[in-house]
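Working from the sequences, and respecting the hints, build out all of it.
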Amino acid sequence: MKLRYLVEKEFKQLKRNSFLPRLILIFPCMLMLVIPWATTQEIKDLRISIIDNDHSPSSQRLTRQIAASRYFQLKNTPKTYSEALSFVERDETDIILEIPNGFEKEQVNGRQASVFIAANAVNGSKGILGNSYLQQILSSPKSAYSLRYLFNPTLDYKVFMVPALMTMILVLLCGFLPALNVVSEKESGTIEQINVTPASRLTFTLAKLLPYWIIGFIVLNLCMFFAWLVYGQIPEGSVGTIYLATFVFILLVSGFGLVISNHSATMQQAMFVMWFCMLVFILMSGLFTPINSMPQWAQLITRINPLRYFMEIMRMVYLKGSAFRDILPQMGMLAVFAILFNTWAVFSYKKQK
Amino acid sequence: MKQFVAFIRKEFYHIFRDRRTTLILIGMPITQIILFGFAISTEVKNVQTAILSNSPDIETRHVIDRLDASEYFTIKYIVHSSEELNELFRQNKIELAIAFPDDFNKQRLDTENLQIIADATDPNQAIIRSTYANGIISTALAELRQTSPGEHLTLVHSRLLYNPRMQSTYNFVPGIMGLILMLICAMMTSISIVREKETGTMEVLLVSPMNALFVTLSKAVPYFVLSLLNLATILLLSVFVLKVPVAGSLATLLGISLLFIFVSLALGLFISCVTRTQVAAMLISGMVLMIPTIIFSGIIFPIESMPTVLQGISCLIPARWYASAVRKVMIEGVPFAFVLQETGILMAMAILLVILTTRKFKNRLE
Amino acid sequence: MEHIIEINHVSKRYGKVKALLDVTLQVRKGEVFGLIGPDGSGKSTLFRILTTLLLADSGTATVNGWNTAKDFKQIRRIVGYMPGKFSLYQDLTVKENLEFFATIFHTTVAAHYEQIREIYEQIAPFRDRQAGALSGGMKQKLALCCALIHEPAILFLDEPTTGVDPVSRKEFWEILRRLQERGITIMISTPFMDEARRCDRIAFIQNGEIKDVDSPTVILERFKDILCPPPLTHKNSLTDSQPVIQVKQLVKQFGNFTAVDHISFEVKRGEIFGFLGANGAGKTTAMRILCGLSRPTSGEALVMGYDVRTQSEDIKRHIGYMSQKFSLYEDLSVRENIRLFAGIYGVPDKDIAPRSDQTLHRIGLFDERDTLVKELPLGWKQRLAFSISIFHEPRLVFLDEPTGGVDPATRRQFWQFIYHAADQGITIFVTTHYMDEAEYCDRISIMVDGQIKALDTPANLKRRFTAKDLDEVFQQLTRNATNLSKQNHES
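Protein chains in written order, with the working numbering: chain A, 1 to 353; chain B, 354 to 719; chain C, 720 to 1210.
Be careful, since some hints might not be right.
Claimed, not checked - Okay, derived cross-link-like pairs now, DSS-like style, lysine-lysine, Cα gap no bigger than 27 Å in a straight line:
id, chain 1, residue 1, chain 2, residue 2
1, C, K987, A, K350
2, C, K804, B, K713
3, A, K186, C, K1044
As the list claims (entries may be wrong) - Distance windows between CB atoms, simulated:
id, chain 1, residue 1, chain 2, residue 2, range
4, A, Q296, B, L611, 39 to 47 Å
5, A, G332, B, L611, 49 to 57 Å
6, A, W344, C, R1183, 52 to 60 Å
7, C, F973, A, C277, 26 to 34 Å
8, A, N76, B, A690, 19 to 27 Å
9, B, R712, C, K789, 13 to 21 Å
10, C, R1081, A, W344, 54 to 62 Å
11, B, R370, A, E83, 53 to 61 Å
12, B, K596, A, E83, 25 to 33 Å
Stated by the list, open to error - Pulled from the structure, derived: some chain C residues nowhere near chain B, Cβ distances all over 10 Å:
id, residue
13, H722
14, R767
15, T771
16, G799
17, P802
18, K804
19, Q809
20, D810
21, E815
22, T1029
23, E1032
24, P1073
25, T1078
26, V1092
Hints listed in this document are in silico derivations from the structure and should not be mistaken for laboratory results.
As the structure is a computational prediction, the values presented were derived from the model and not from experiment.
Cβ atoms here follow ideal geometry from the backbone N, Cα and C, with glycine treated the same way.
Written out as structure tokens, the structure reads:
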């Protein structure tokens, strides 16, 4: 009963705030529109220098083939390797292909022809991918395997990012905002007035969280709408499963935000602690890099990272069409964390000193 | 001079009395270097693989053994129907599958029907994984056929420049440097100045005989010191722990870093001039500085593959130019002449910010 | 006589609100000039214009011959300023704060220590404590020290003594006198009329206009409706012997500092109980224990029959509380605040609307029912906060310095509401630094250094200490204690 009045108050305050409602609407839109384009790790238009020492029809054919590929952009054809290297140093080219003298002759003679590739690997994925692409072109006509790319046949990197981005937006809005909210009541002293009322810890905490749960859902739907409108993406799996998982996740992050704010005295402190935790959580969640590539100890750490589980759920349901029973282990973990953080939040809020 | 010292001492008290924030400020570079250096990588490793095969013959076994023996792949499941395979993919248990045709050995090792199935939700990983699997399978088959592997193939000798062991380490260090310096110089400085406005102490400081601009500047000094400390931490960690050498001239590197620190401080002062509340300063530096810095400094995302519009926007982000210059000087080891463009742009940004800040600076309350 | 400050037809508005309207005023060199007026009358704006922090919309002002709009650098070099909301650095210790402010005013603590000695010695035992951990009044004293540590030509003080106990205020004025003897001009605003009387001349300002400038006696007489309203009389008939608060040997320690030192008292039903004491004597701490906000270290306290140690939630359900730091939600409207707290205290939903209208009519805020609380003047906010604290009809209400920083007429009005509540049988437990308000209480206790030194009706106390008013009683009790504790420190 008391809860109703406290929730009412939170909404009125939110409505009065000139800045927050706008942030809640504009921020997800901006992120959804910009980030997928910015974070794409698709390597297009790699700048290539080709040193053709053979000057034969087949070396020229190879050059044309590379120039026509969507991955490469033929930048120049230097005479020597050292000349090519200077282009790399000046950051004018990313990859060098050297076709040796006698390339065609070897092929005609049925022997193995060889080429030399040098890639600027300062950006790791660029180097490795450029190398892979080039190898695919060089061997493509003769490749005998059939290759199937599941779930994302056009190899669109944005498809990979969009569901994960929704996770990030939910964390930023449903994690940071309740944390700042509670600390601001501490700073303005109103929390003291609430502390002398009979409102219980649970009621107060719930009243703080409820608005952000609702906001979380609004934002989720907004994100899903944008995913469809801009990227033509609709969930492969059931929307109900996404809602259910999101509910548990929102519970979890908002609880986490409250724990931080209950332990902080100033907004600046809450913000920094939150920022630091989120940075670690996001990096260790498999958002950008595969968890399996991590060393064993790091993989163990990711097991206690709640973000990892939700990120997996979003990608599984959205892209692979996984059903509820497929995501049961992840859901279980999320539920455990949600209960843990919320219990902690209720107990760390002290009415008495 | 005495006033100046008193000011700086006071500012250090503020910083060090807030233990949690101090800990984070000092711990942040260390954590990030460890995470990026040791935990996070895009290397293909332990790819969870399933095999679909209904003919447990020696040939199939040989290919599977070869795959499993490589550090890239871990064979987790051997299944007998494509439904099972789909199930495993949907449960996120495998990332790659190799489907052998039913009578693999009888088809004289014909590879026509051999299929590599990759989970392409992460497209780059899918491409690299399948290229690797391809390579291992063809070698294995060649061994079986006892012929040379590349009968018809072109032999490729490849070499990765500057980063021969393919560690992603090399790439993120410059970005992290940009991020941390930006965080301390711009965000911390602006918040700490605005806090004085909000609590009302600024009112007294303004009426004091000290010059107002001088008051503001002296608030930036401790953050300058702190950022130097962090810069040193990052460089030492990357040289001695990550074994990333400083290939170019250390002096050039430090010079550019100082220039960037200057730009960030100016940015912090500018934000503090145009905002009135801590929350506003926090959100502006968070949204307008930190997120773009993470995205556009090339820590994770290559700028080249962004759409032109975003590449244009990235030109406005100081950290982009700094990271690019550091990458060149520290990792590629090129001389100063090659980073003239970056230096020039940073210099121009510094001058512009200083002009804007002096314009916007107020000697009075609003 | 030479005028050191000249203000000619100065006006200033914030958006639609007129803060100052055609103000013309001269301050003579070497005088103590008081600025008296209700809250929101434009005092702080005037201070800010004179200290060059704000530009006037029209008109000119000169300080020591320098124009406030153009020569701000020169002016800042010769003035000292203590803003109304003087904020210390909460995370710096007492000593560090003082040293810092001394340094930025180009002086040292040693050079002017004599000037602040009386006040500083009271906070000196806490010199290594962070300012944020001091009680409200202690912070104010430290702020005074910081403002007086240098010797400017002109000193601007905007309500410097709000929340400071009478003894320290007296010491503060002695310091001002000495500064004046050295030729320093002082311009000060204050809500205390005993302080207004100590000025050479005062200006009465209302709604941004200077109504009159003259000697204190003339002004206080001319505007006595607002500045010196006739005292209230109240006959308490409801008091019976049943205690609602019973405190026995209550102790609260923070580390090795004893804030509340074995206090025992009883408050009877229907009483107006004044809880007085110097800053840092432990009033707020004791009150927080009684409200269930803080646990006692030892001893016993029953509030409405509930134990503060184990039944704090039961206590909270049956009391009202109005804190020292004004703490309604500023971004909610008047009615929304009432609705929120009524709801939390479990007032039935259908009763809230009619009863809040009734309350608003009674306190005269009905027309402001949809105004955001942050836009109300301080006096009105206090009235609202009080009404909210008794809206759920508690039997007992705690008021912690409810009338800080407002003019006498507003305070008198506030006490009429208190009497109204008392007439309905609500027990009032109130702390205050205004001695005229202490006279309004049925019984008062005076706390010194964590102990209750006196407890009786105001009349009995005056008789026992042979004093003409409570102020004198208070001075006697706390001065003795200060001297005693000083001796203890020295020995």
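Cross-check of the supplied hints:
Between C:K987 and A:K350 the alpha-carbon distance is near 31 Å, which puts this suggested pair outside the 27 Å criterion. The hinted pair formed by C:K804 and B:K713 meets the criterion: a straight-line CA distance of about 26 Å does not exceed 27 Å. Between the alpha carbons of A:K186 and C:K1044 the distance comes to roughly 12 Å, so the proposed pair stays at or under 27 Å and holds. Here the CB-CB span from A:Q296 to B:L611 is close to 40 Å, well matched to the stated 39 to 47 Å.
For A:G332 paired with B:L611, a C-beta distance near 52 Å keeps the hint of 49 to 57 Å intact. Distance hint check for A:W344 and C:R1183: the Cβ-Cβ separation is about 55 Å, which falls inside the suggested range of 52 to 60 Å. Between C:F973 and A:C277 the CB atoms are about 31 Å apart, so this pair conforms to the stated range of 26 to 34 Å. Remark: the range hint 19 to 27 Å for A:N76 to B:A690 is upheld by a beta-carbon distance near 20 Å.
The hint said 13 to 21 Å for the Cβ distance between B:R712 and C:K789, and at roughly 19 Å that hint holds. Under the hint 54 to 62 Å, the C-beta atoms of C:R1081 and A:W344, about 45 Å apart, miss the expected range. Taken as a hint, the range 53 to 61 Å holds for the pair B:R370 and A:E83, whose Cβ atoms sit roughly 59 Å apart. In this structure the hint that B:K596 and A:E83 lie 25 to 33 Å apart at CB holds, the actual value being about 31 Å.
Residue-level check passed: C:H722 sits 21 Å from the nearest beta carbon of chain B, beyond 10 Å. A cut-off of 10 Å between C-beta atoms contradicts the statement that C:R767 is not in contact with chain B; the least separation is 7 Å. Interface exclusion of C:T771 from chain B breaks down, the closest Cβ pair being 7 Å apart, not more than 10 Å. At roughly 8 Å, the least C-beta separation between C:G799 and chain B is not larger than 10 Å, which violates its mark as non-interface.
The non-interface label for C:P802 is inconsistent with chain B: the shortest C-beta to C-beta separation is roughly 5 Å, within 10 Å. Separation of C:K804 from chain B is inadequate, the least Cβ-Cβ distance of about 5 Å not exceeding the 10 Å criterion. Non-interface call for C:Q809 relative to chain B: violated, since the shortest CB-CB distance, roughly 8 Å, does not exceed 10 Å. Listed as a non-interface residue, C:D810 fails to keep its Cβ farther than 10 Å from every Cβ of chain B; the least gap is roughly 4 Å.
The claim that C:E815 lies off the interface is violated: its Cβ sits roughly 6 Å from the closest Cβ of chain B, which falls inside the 10 Å cut-off. With a least CB separation of 33 Å from chain B, C:T1029 remains clear of the 10 Å interface cut-off, as annotated. Listed as outside the interface, C:E1032 is consistent with that label: its C-beta sits roughly 31 Å from the nearest C-beta of chain B, beyond the 10 Å cut-off. Look at C:P1073: its CB is around 38 Å from the nearest CB on chain B, clear of 10 Å, so calling it non-interface holds up.
For C:T1078, the non-interface assignment is confirmed: its Cβ lies about 33 Å from the closest Cβ of chain B, beyond the 10 Å cut-off. Residue-level check passed: C:V1092 sits 19 Å from the nearest beta carbon of chain B, beyond 10 Å.
The structure does not agree with the numbered hints 1, 10, 14, 15, 16, 17, 18, 19, 20 and 21 stated previously, though it agrees with the rest.
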